[in-house]
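Spelled out from the first residue to the last, the chains are:
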Amino acid sequence: MAAAATCGSVAASTGSAVATASKNNVTSFQRRGRRASGTNDSGPRLVSITGTRPSVRNGQLLVSTGLPALDQLLGGGLAVGTVLLIEEDKYNIYSPLLFKYFLAEGIVNGHTLLVASAKEDPANILQELPAPLLDDKCKKEFDEDVYNHKTPESNIKMKIAWRYQLLPKMEQIGPVSSSRFGHYYDASKRMPQELIEASNWHGFFLPEKISSTLKVEPCSLTPGYTKLLQFIQNIIYEEGFDGSNPQKKQRNILRIGIQNLGSPLWGDDICCAENGGNSHSLTKFLYVLRGLLRTSLSACIITMPTHLIQNKAIIARVTTLSDIVVGLESFIGSERETNPLYKDYHGLIHIRQIPRLNNLICDESDVKDLAFKLKRKLFTIERLHLPPDLSDTVSRSSKMDLAESAKRLGPGCGMMAGGKKHLDF
Amino acid sequence: MTPSEGARAGTGRELEMLDSLLALGGLVLLRDSVEWEGRSLLKALVKKSALCGEQVHILGCEVSEEEFREGFDSDINNRLVYHDFFRDPLNWSKTEEAFPGGPLGALRAMCKRTDPVPVTIALDSLSWLLLRLPCTTLCQALHAVSHQDSCPGDSSSVGKVSVLGLLHEELHGPGPVGALSSLAQTEVTLGGTTGQASAHILCRRPRQRPTDQTQWFSILPDFSLDLQEGLSVESQPYSDPHIPPVDPTTHLTFNLHLSKKEREARDSLILPFQFSSEKQQALLRPRPGQATSHIFYEPDAYDDLDQEDPDDDLDI
Chain G
1 MAAAATCGSV AASTGSAVAT ASKNNVTSFQ RRGRRASGTN DSGPRLVSIT GTRPSVRNGQ
61 LLVSTGLPAL DQLLGGGLAV GTVLLIEEDK YNIYSPLLFK YFLAEGIVNG HTLLVASAKE
121 DPANILQELP APLLDDKCKK EFDEDVYNHK TPESNIKMKI AWRYQLLPKM EQIGPVSSSR
181 FGHYYDASKR MPQELIEASN WHGFFLPEKI SSTLKVEPCS LTPGYTKLLQ FIQNIIYEEG
241 FDGSNPQKKQ RNILRIGIQN LGSPLWGDDI CCAENGGNSH SLTKFLYVLR GLLRTSLSAC
301 IITMPTHLIQ NKAIIARVTT LSDIVVGLES FIGSERETNP LYKDYHGLIH IRQIPRLNNL
361 ICDESDVKDL AFKLKRKLFT IERLHLPPDL SDTVSRSSKM DLAESAKRLG PGCGMMAGGK
421 KHLDF
Chain A
1 MTPSEGARAG TGRELEMLDS LLALGGLVLL RDSVEWEGRS LLKALVKKSA LCGEQVHILG
61 CEVSEEEFRE GFDSDINNRL VYHDFFRDPL NWSKTEEAFP GGPLGALRAM CKRTDPVPVT
121 IALDSLSWLL LRLPCTTLCQ ALHAVSHQDS CPGDSSSVGK VSVLGLLHEE LHGPGPVGAL
181 SSLAQTEVTL GGTTGQASAH ILCRRPRQRP TDQTQWFSIL PDFSLDLQEG LSVESQPYSD
241 PHIPPVDPTT HLTFNLHLSK KEREARDSLI LPFQFSSEKQ QALLRPRPGQ ATSHIFYEPD
301 AYDDLDQEDP DDDLDI
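These protein sequence lines map, in sequence, to chains G and A. If you're matching positions, the first sequence starts at 1 in my numbering and goes up one per residue. If you're matching positions, the second sequence starts at 1 in my numbering and goes up one per residue.
Check each hint, because a few of them may be wrong.
What the hints assert, rightly or not - Here are the simulated EDC-like cross-link-like pairs (lysine to aspartate or glutamate), alpha carbons at most 20 angstroms apart as the crow flies:
| no. | chain 1 | residue 1 | chain 2 | residue 2 |
| --- | --- | --- | --- | --- |
| 1 | A | Lys160 | G | Glu120 |
| 2 | G | Lys227 | G | Glu238 |
| 3 | G | Lys368 | G | Asp71 |
| 4 | A | Lys112 | G | Asp71 |
| 5 | A | Lys112 | G | Glu238 |
| 6 | A | Lys160 | G | Asp71 |
Said to hold, decoys possible - Calculated from the model, a selection of chain G residues having no Cβ within reach of chain A, i.e. all distances over 10 angstroms:
| no. | residue |
| --- | --- |
| 7 | Ser263 |
| 8 | Glu274 |
| 9 | Ile332 |
| 10 | Ile351 |
Keep in mind that the hints were calculated from the coordinates and are not lab data. Note that CB positions come from ideal geometry on N, CA and C, so glycine has one too.
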């Protein structure tokens, strides 16, 4: 799709190159000047939707999740037509952040939003979106953040590698100027009101849409899920995201966000009982939702409290029915909070599943041990590094603890402290 | 001084714990067990909020009204609005009750309030409701009641709502208890050691880290609280105190630190690829055209400037 367009434009440019050859006697090759958009349309133009880009691996259309670090780990972004499932952390502090980043990215790119929640009014959720950081302010904010944590020695100008002084200091993040894919957000500020009002959004708040005295037949969807699916289907059809109504305005992406799916507030009892009557409700919902998404230009983010689900088989089915599954595990309240291995971070991120879309293999990143940290303004995802095992007379109990915690890490950096026995060389 | 302020300015710390439990609003879950009962703490909280001038509603399902009102003085008893579901839970006597829908109907009716007075609703007990109603319905009703005041904007006239629910942990599996505790703003788990009761209080403020603390207390016969310093259980410090940590930088065969003279000598060393001023001038000089390019080469001390090709000696 992209290749055909460039061929067309190259053929058009050779015509203009010959004409200007005589102007400059240094070279006969002239860089074709930028032509104004809309005039002299001699080749096929690539119609692209704002905020999307094709994947470099397989040409799949991708949207950003709002966190460029997460985009990198997912192979470039979230593919249009797929579901991103986030397994909530125990106290539900960090998963709403990822949810909000996704919605904020939609507003910045001008996508249509559909926010569904049983707990909070969608209008309130939109009021709390983080503010975007735009280009020049961006670098200043980053440098502020970075210098707050670094030691004074690093401020010395570089003497040998002086050419690298101008490059950004952090390894993964750094403001990419004039990027149209993946923006940075300031978590301490709210999104300006005018941006929210200028955006097109639809909200679904369950207590308003449903009367509480409905009788539920067994083996069918709970009424909350049915209503939500009908709502999503209506929006997709009316606004033409599935290709119907082609006379409407330019194509856009629909970003769907569903919060706390599976919690008792949606009327689903998988969190309350192990073998409830409606244990297939959630899986049916996900199946129908995926069908709706695959036939329309939309992307969906769902947060689910999987730590409350009593029947582990349901979690496995839910994972299979979603495309990308990211689990958040925060250290609050667990014994890892005091473990010095994790003292710089607030929790771990587990990428549990990445889809194989039109492909035989999936885009797995080779970094499996990831930790996240919520700084004052940024949410960063970094690779978890084990500290070097320096001393050989450290007490055996603390070494055992390190080994226990390192057991869960992947083979990339855990080889040294893996296993119960310590071999010191 | 209004009566509520007078009640708050009481003796010291006894009021802090009850204050902190009632201040956050929302659902306060009191988890008790057979050994450490929670009804007296519930009654202490009810008394506290009645004294603060809030409207107090009690949904009594598990014990009779006389038993619940026992121990309160008449002034507090007059302020309590008691809905009795113990005497006739299935409404067989068909009298004109205020809430025909049973306790669930009563809860739902309280969602539709419009007055600005803060309200405390005490559920005695939540376990009774959980055993008779589907868990999801109960969760939805509790969420609707406890979150009426949290919408910004035009509903600022509705006062703060606190829902106190007494939950007997041993009657339920981990599922319903987990679901209710994820909904609760504050969770108080009662426990203790011999003779001394403790409350482990976990506060979940929205969008902030949850805070927890353990408080030792005892309840006096008139349902006021007496806080005590009990044995506090500290989390074990990570490092083992018996073996002192070893400093790995002793007994090294190389030097990790620089003395001042060494540092000066290092700084004054001229590096081979130093950005000297001649190079800088050459780069800054405006170039005649983009087509030409310059190679800047500063001959090293060891360079051989002979133009001959050393491979000429080979017989190929």
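Output the indices of the hints that this structure fails to meet, ascending.
4, 5, 6, 7, 8, 9
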